[in-house]
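Colleague: Each chain, letter by letter, is given below.
Protein chains: 2
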Amino acid sequence: MQRKCLFCFNKTLNYFEFMQESLQNIRTLIASLIDINDEEWAYYSAMFELKKFKKKEIILQVGEVAKSVFFVNRGLLRIYFLDKNQKECTFHFAQELSFATDYESFLRKTPSKYSIQAMEDTEVVIMSHFMVHDGYKGLRYGEKLGRVLAETHFFLFSNKLLELYTQTPLERYEQMNKLFPKILQRVPQHYIASYLNISSVHLSRIINEQPRN
Amino acid sequence: MQRKCLFCFNKTLNYFEFMQESLQNIRTLIASLIDINDEEWAYYSAMFELKKFKKKEIILQVGEVAKSVFFVNRGLLRIYFLDKNQKECTFHFAQELSFATDYESFLRKTPSKYSIQAMEDTEVVIMSHFMVHDGYKGLRYGEKLGRVLAETHFFLFSNKLLELYTQTPLERYEQMNKLFPKILQRVPQHYIASYLNISSVHLSRIINEQPRN
Chain A
1 MQRKCLFCFN KTLNYFEFMQ ESLQNIRTLI ASLIDINDEE WAYYSAMFEL
51 KKFKKKEIIL QVGEVAKSVF FVNRGLLRIY FLDKNQKECT FHFAQELSFA
101 TDYESFLRKT PSKYSIQAME DTEVVIMSHF MVHDGYKGLR YGEKLGRVLA
151 ETHFFLFSNK LLELYTQTPL ERYEQMNKLF PKILQRVPQH YIASYLNISS
201 VHLSRIINEQ PRN
Chain B
1 MQRKCLFCFN KTLNYFEFMQ ESLQNIRTLI ASLIDINDEE WAYYSAMFEL
51 KKFKKKEIIL QVGEVAKSVF FVNRGLLRIY FLDKNQKECT FHFAQELSFA
101 TDYESFLRKT PSKYSIQAME DTEVVIMSHF MVHDGYKGLR YGEKLGRVLA
151 ETHFFLFSNK LLELYTQTPL ERYEQMNKLF PKILQRVPQH YIASYLNISS
201 VHLSRIINEQ PRN
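Line order of the protein sequences matches chains A and B.
By full-length UniProt numbering, the letter at position 41 of the first sequence is numbered 41, and the numbering carries on one by one without gaps.
By full-length UniProt numbering, the letter at position 103 of the second sequence is numbered 103, and the numbering carries on one by one without gaps.
Worth flagging that the hints you see were computed from the coordinates, not collected in a lab.
Each hint should be verified, as a subset may be incorrect.
All copies of an identical chain are treated as equivalent in the list; a pair is satisfied when it fits inside any one copy or across any two copies.
[What the hints assert, rightly or not] Below 27 Å or equal to it, Euclidean Cα-Cα: the simulated DSS-like pairs (lysine-lysine) are:
(1) K67 to K182
(2) K109 to K160
(3) K109 to K178
(4) K84 to K52
(5) K113 to K54
(6) K51 to K84
(7) K84 to K178
(8) K54 to K137
(9) K178 to K67
(10) K137 to K160
(11) K55 to K113
Please work from the sequences and hints to get the whole structure.
Modeller: Written as structure tokens, this is what we have:
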């Protein structure tokens with residue numbers, strides 16, 4: 001089955017090759033956390049769904065219940081919330097080979113406090129609520145996988161909170177560049193400024209003061 | 001075996017009764033999350049250790065590796081960190097029937113970013129690193145318990161972060177009173193102010209503006 005790639009219009013791509021690559025990426029990630037055998041993988045991977053989003057598309061909106069976990073295979077997502085003045089605050093970027101959702105909304109089926117937007121044309125693998133809970137029970141180490149992913153998610157939030165209090169804007173900027181290499185080339189600067197919780201003017205000053213290689 | 005209670009000097013208490021009450025509280029909490037049978041409980045509960053701390057005692061210091069999870073049976077703990085000016089910021093209060101540790105430090109064996117201090121004479125049950133990891137493997141639903149506790153911990157951090165951005169100081173104050181009833185009578189006001197991320201003057205104004213019942 002041949003399909004036109006949504007992003008690369010001058011190139012015809014094999015949909016199944018795309019899917020295989022995505023699934024292989026997820027399997028590698030999962031296998032780095034738990035032991036998963038071929039039989040389990042065959043059963044589990046049949047439930048994944050591939051989806052593509054256009055640049056700027058909103059894929060989760062504050063107030064909706066998050067029904068999916070998105071695994072980013074290609075592209076970049078921005079996770080943000082609205083502050084008390086309804087100003088967008090960028091919380092996180094989900095780059096290739098990482099997960100994105102409002103985890104609390106997804107797990108508790110409560111209205112999402114975050115929105116998610118594609119920063120580039122983005123290809124994700126979708127995991128449904130059923131699939132995740134089926135995985136907890138059905139995989140031999142499913143609950144362990146759930147625990148490790150919850151812990152990883154927790155470390156992310158804990159460090160984000162501490163950074164805001166304990167690091168200077170320059171330190172947060174350096175930390176961001178380590179976490180998300182090339183993010184400055186991929187995302188408009190006002191989103192970066194809102195991620196760092198500083199003004200765009202302050203961000204420009206930091207960027208201009210960096211030594212050029 | 002009769003022991004003098006560390007906190008109530010005019011009363012002789014049975015150490016084992018104390019321990020039994022603490023263990024029953026933990027068992028009730030665990031049983032609300034997973035199915036645990038008598039055999040599992042007998043094996044697991046034998047590893048708990050009871051410890052008492054005096055008011056104001058520091059029980060975990062920034063920079064140490066957190067070797068234990070504390071389950072508060074009686075009393076109150078304050079979890080705090082130091083901001084970039086070395087000022088103490090209160091992050092959380094662990095009241096009766098809740099857990100406290102630097103979870104990341106405990107799980108990853110890295111230096112703790114938080115300190116923990118007893119706000120009152122406090123009685124805790126201690127779980128060691130070995131015990132927690134043994135529980136993940138040894139209990140039929142140990143990994144599920146680990147997952148649910150990691151998720152709960154994550155919700156706490158996620159909401160704390162969002163509150164700082166999305167709620168007014170008054171809203172944060174009301175939220176705190178729901179989470180920690182009577183906290184105002186138990187903790188000096190400057191710790192409350194630092195929990196709410198406002199000045200002590202601002203906190204006094206909020207308290208004085210509350211309707212008196």
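Colleague: Each hint should be assessed against the structure and marked as holding or not.
Modeller: Hint check:
With identical chains, the CA atoms of K67 and K182 are never at most 27 Å apart, being 30 Å at best within one copy and 38 Å at best between copies. Taking CA atoms no more than 27 Å apart as the test, K109 paired with K160 passes in both settings, with 24 Å inside one copy and 19 Å between copies. Taking CA atoms no more than 27 Å apart as the test, K109 paired with K178 passes between copies only; the shortest distance there is 22 Å, against 33 Å inside one copy. Taking CA atoms no more than 27 Å apart as the test, K84 paired with K52 passes in neither setting, with 32 Å inside one copy and 42 Å between copies.
In the homo-oligomer, the alpha carbons of K113 and K54 lie at most 27 Å apart inside one protomer (22 Å), although the nearest pairing across protomers, at 40 Å, exceeds that limit. Neither within a single protomer nor between protomers do K51 and K84 lie at most 27 Å apart by alpha-carbon distance, with minima of 33 Å and 43 Å respectively. In the homo-oligomer, the alpha carbons of K84 and K178 lie at most 27 Å apart only across protomers (20 Å), although the nearest pairing inside one protomer, at 30 Å, exceeds that limit. Neither within a single protomer nor between protomers do K54 and K137 lie at most 27 Å apart by alpha-carbon distance, with minima of 34 Å and 43 Å respectively.
When the C-alpha separation of K178 and K67 is checked against a cutoff of 27 Å, the pair qualifies neither within a copy, at 31 Å, nor between copies, at 29 Å. For the identical chains of this complex, K137 and K160 are neighbours neither inside a copy (31 Å) nor across copies (30 Å), given an alpha-carbon limit of 27 Å. In the homo-oligomer, the alpha carbons of K55 and K113 lie at most 27 Å apart inside one protomer (22 Å), although the nearest pairing across protomers, at 38 Å, exceeds that limit.
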